[in-house]
Amino acid sequence: MLSIKNLHVSLEEEDKQILKGVNLELEAGKVHAIMGPNGSGKSTLSYVLSGRDGYEVTEGEASLDGEDILEMEPEERAAAGLFLAFQYPVEIPGVGNMTFLRTAVNAQRKARGEEELSAGDFLKVVRAKAKDLKIDADMLKRPVNVGFSGGEKKRNEILQMAMLEPKMCILDETDSGLDVDAMKLVSQGVNALRDENRTFLVITHYQRLLDHIKPDVVHIMADGKIIKSGGPELALEVENNGYADLLAEMA
Amino acid sequence: MALPKAKQDLTEATLSALPAPFDGAWAKAAQDEARVRLAALGMPVRRDEYWKFTNPAAYTTEAAEFATSTDTLDVFDAAKPLTITFVDGVLDADASDDMMLEGVTIETLVDAADVDLHWAKGLYGVLENAANTAPAKDGAALYRSVPRPLAALNTAAARDGLVIRVSGAASRPIRISYRSNGGDAMIHHVIKVDEGASLTLLEEGTAGARSNVMLEVDIADKAAFHHLRMQEPVADRHTLTNTFARLGNESTFKSFGLTAQGVLTRNETIMELTGDDAVAHVAGACLGDGNVHHDDTVYITHDAVNCESRQVFKKVLRNGAVGVFQGKILVQPHAQKTDGYQISQSLLLDDDSQFLAKPELEIYADDVACSHGSTSGAIDEAALFYLRSRGVPHAEAINLLTLSFLAEALEEIDDEALAEMVQTRLEQWLRA
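One line per chain: the protein sequences are A and B, in this order.
Every letter in the first sequence is one number past the one before it in this note's numbering, and letter 123, counting from 1, is 123.
Every letter in the second sequence is one number past the one before it in this note's numbering, and letter 193, counting from 1, is 193.
Calculated directly from the structure, the hints in this document are not laboratory data.
All figures in this text were calculated on a predicted structure; none of them were measured in a lab.
Quick reminder that beta carbons are idealized off the backbone N, C-alpha and C, glycines included.
You can trust all of the hints, since none of them are fake.
Below, simulated EDC-like cross-link-like pairs (lysine to aspartate or glutamate); rule was C-alpha separation at most 20 Å, straight line:
1) 141/A - 414/B
2) 141/A - 427/B
3) 80/B - 102/B
4) 141/A - 415/B
5) 141/A - 412/B
6) 141/A - 416/B
7) 141/A - 411/B
8) 5/A - 223/A
9) 141/A - 408/B
10) 80/B - 414/B
11) 141/A - 420/B
12) 16/A - 53/A
13) 110/A - 396/B
14) 153/A - 380/B
Covered, in the sense of this in silico footprint (three residues per stretch, anywhere, with C-beta under 8 Å from a C-beta of chain A), are these stretches of chain B:
15) 379–385
16) 388–399
Okay, chain B solo, but in the shape it has when bound (with noise of 0.2 Å):
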């Protein structure tokens, strides 16, 4: 089908925008047909229901001003994390650690895609295809394709990128930190968790004045992946994420992502639950004042027997910040004792502030329990009262009524020292 005008201008301009693709022949191969799924999808452009509240030009036209760079990458020191550093996308030796880890390999996408017969292939570009270009129907199962051309975009042109395979518990947390002088960024990591393995993953910093960085996880049996997200307070970043996860038999994915600031941020996270009894888990907490715009969209499908997934995502937004929430839940047919929770709350700190909420839940199996909610609130002036009365100042009382609002999305931490760090950034942030 022919795509409208505007999209295919702007796609064939994209298109020939393209830098090359890796010389390597899985890479390259899998770089082509990125390319030809991206012709096919066409980019994305704001009449597209699915950035219907996210206008997508800014990161699919010519990138905005970017002065300021970044100095706050050290939230997780504490967990004496293996420390691996992007400069605007491209890996900094330097300012990286040895790639040398106990239990697991890690190499950069750039040497992986030269190794002829390289695991990666089976992974890279793969979770995004199959969530691209899903059939509508698959013998029982019923998919609903969304397309998601920014993510096919970033399989087709990364540069560089992580890829990891565990193959054991990761003695201690991988963190990715990101820095940028003002260029774009495009970067995709794999990783693979092996049956029993597992691993947590640390990011933080601003990847470039534009970035598109992508995750795709393969979670084997009884394996398990945590994830935590810093996105810092850089006010003319324009960030979009793609975490793309496929989960086997009792397997755990955890994410939880803090974002302040920024006037773009799209954060997507899209699930297959493959394996029974699966857990899958994804929240986030924002702050939000000023020029914000800040988007998570989340979609989750249950393909196996008695899986659990959730998501909690509370946004904290003020001066005409406005946030986004698009979370969807998808049952298949014989993913029976499915337990499916999402809620979505906004607190508006005042009326110029705006929360656009579209929760979805679509079931096909008939022994479910599945459950949404979604609330837009302000200040609970009671308790504002009940905190002043005992001499807490206004704005500190507000500070203190924010984090209580926001303590429901970092609950969801598994690790206590982990969350104990993100806490206290999450406290600078909202007192600086």
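The shape of chain A in the complex, shown without the other chains (with noise of 0.2 Å):
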């Protein structure tokens, strides 16, 4: 699905080098999930692959299926499948949440040479899907995330994937500013959407996640590369003696 080979990025504004040499393969249908101190590179690796500006790839490369994302602008990447749901979802005044998520689906589908979903199809399968991550039509009605609590604007993101059934899902830091039952419900949101055809890659710092959404294969990335790789128990180990016991290995 998504491979990753000895990416090297730096900041575009400075001379600083974020990922050194990140190689990952994520296979159809797997969850993967990235652990790392601050400041590893966790949450550049999300925005490189979504194309966000400000980071200058040196080396490597990416791919999606095969074809090459580095090359693509953002919307093109989000129509081949991928999708990042933000650590911030970011709050647009004046914008209504279906009208936004009506515009990205049907900008998608048109991008793919699909029919665009009329008013009323479009309508029916939001409703549904908002229902299952509990939110109303308030929510739905108002301005994209404004005034939403940091629960909501999660579980925004999350309606926003099951729209759009990207192939290629990243979660940054979804678990940040949530509480137990909002965790919950943003991982029963997740789970339902795991599907052999559908890959996962969950940037977390705690366990906590990875006990709702449980990974295949878990990664820790330290100084902009990935130093170890495992199963679920590589989580636990880190929840128990956190990083140092993993760093020193390396040294």
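Hints are included, so try docking the two chains, each in its own frame, into the full complex.
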């Protein structure tokens, strides 16, 4: 599904290297988790993959089902099936959540040569999916993320994911700012989307989220590289011992 | 005091080219007086403080090329308005509805000018005169009279317009449709809304290659006047509007204008809140792309207790477009409990466009709440990326953020159905 080879990334503004040779092979239908200390480059990886400005790829490649994504515009990556659930979803005053969702869904359909959804069909689908995430009609009507609580913003991210049906989902610290109940709700939303043709990359600091979204593979990232990969037990090890032991192992 | 030479020459040339005034007694007197006023004020030139950001030459010298007419005068069809059409400043009766509306008397200025003792005598040019020749000090009150010679010119030279008296709640809106075949237009409407009465006035279209359209609105106690104006994307129009309003006790004035394109547009609103507990809102949204100069100039005088005024102006500018905002709130010493708010903002989509703002507060009362703000900003890159990451193409993402930016101004439209009509047309213009 997503293949990342020897990815080196620097910040455009300052001469600072963040990713120093990341290698990842994410197979279809799997859930991979990335954990790592602050500043290890986890969020940078998610931004570079989704096409945010400000980063320069100095070496390496990333492809989605064999297609080089690094040269694509962000909207092209989205149409190709890549989705990033933001750590900090952006507030857009004046644009209704529903308008935003419909514009996005239809833009992607159009880009893929599919027919646009009618207002009626769209409404039916969005209502059903919103209900599962306990998103009420009022939240759908309000401007995108404006006045939403932390939990509502994250649920809104998952609703977008459910509507856009991407094949490659990246979740950037989706658990940050969530209470226990909200985390359950969000995890249920993610688990409902698990599918043999859909891959997840879950970036998190904490094992707790991985209790709800069970990963197949866990990677530890430090200083811009994957330093260790393993099964779910690796996350437990981090939870119990912190990163110090792993970092020491590497040194 | 003698006028500077350039101003004097321009003023003399303008006065000598004026058409003969109306024949009717009161109208002739009003136009003759305005002539004298204009001679004293002098025509505007770029060096005048009030025209610092907008060169008045295009209004005061020869007309520019104008090839485009209009085909979009249907924004408010769904509101089933009573429609009256002016073509190059002259009433087009064939393209107008019968001037019959319950609770409202509608006449043309041409007809009203012929009536000996018409109520319009008490309003035509009167608010303009008051604003142009206010005494510096009247008892405790202080005035800063700003010369508005192009408004005096309009009073002196208007050839037609509507004279509207509203005595009850108008059952449907009145729409004034403007069209142009390339001529100039000098139109003057006077509207008197009697106690407890209400009217919604809609204006759309391009009145002339160069147009000077004036509204004088007198709103009595507990009366309400709602106003929507659509200035369509006709590239080579030179549009000037002056709206003068006087508000009585517990009266309401709410005006919203949407402007797209136009090589030169200046919309002036001058309001006097003379009755207690009055509410005056004026708002505007502007789309400017390329050779566009758009100026909103507002002057609100609080002359009574416990009144509220609100100015909300938003402009989206790109490819060298220029936006101007001059907004003033003057609070007289006795106008306690005034609630004044003013915001002017621009969204600059590139480095070539500019926004020039002159927000002013002048407050002589000590128990008031007045605030103002003015900002210029670029597209929010985080929001742009967020939209694109969901698959929204770059151009459409900019459109959505543009609509998002303008939303606060459109929210000023009270009537939801009318607001939706404006929104729909805005989206059409944006995506054209």
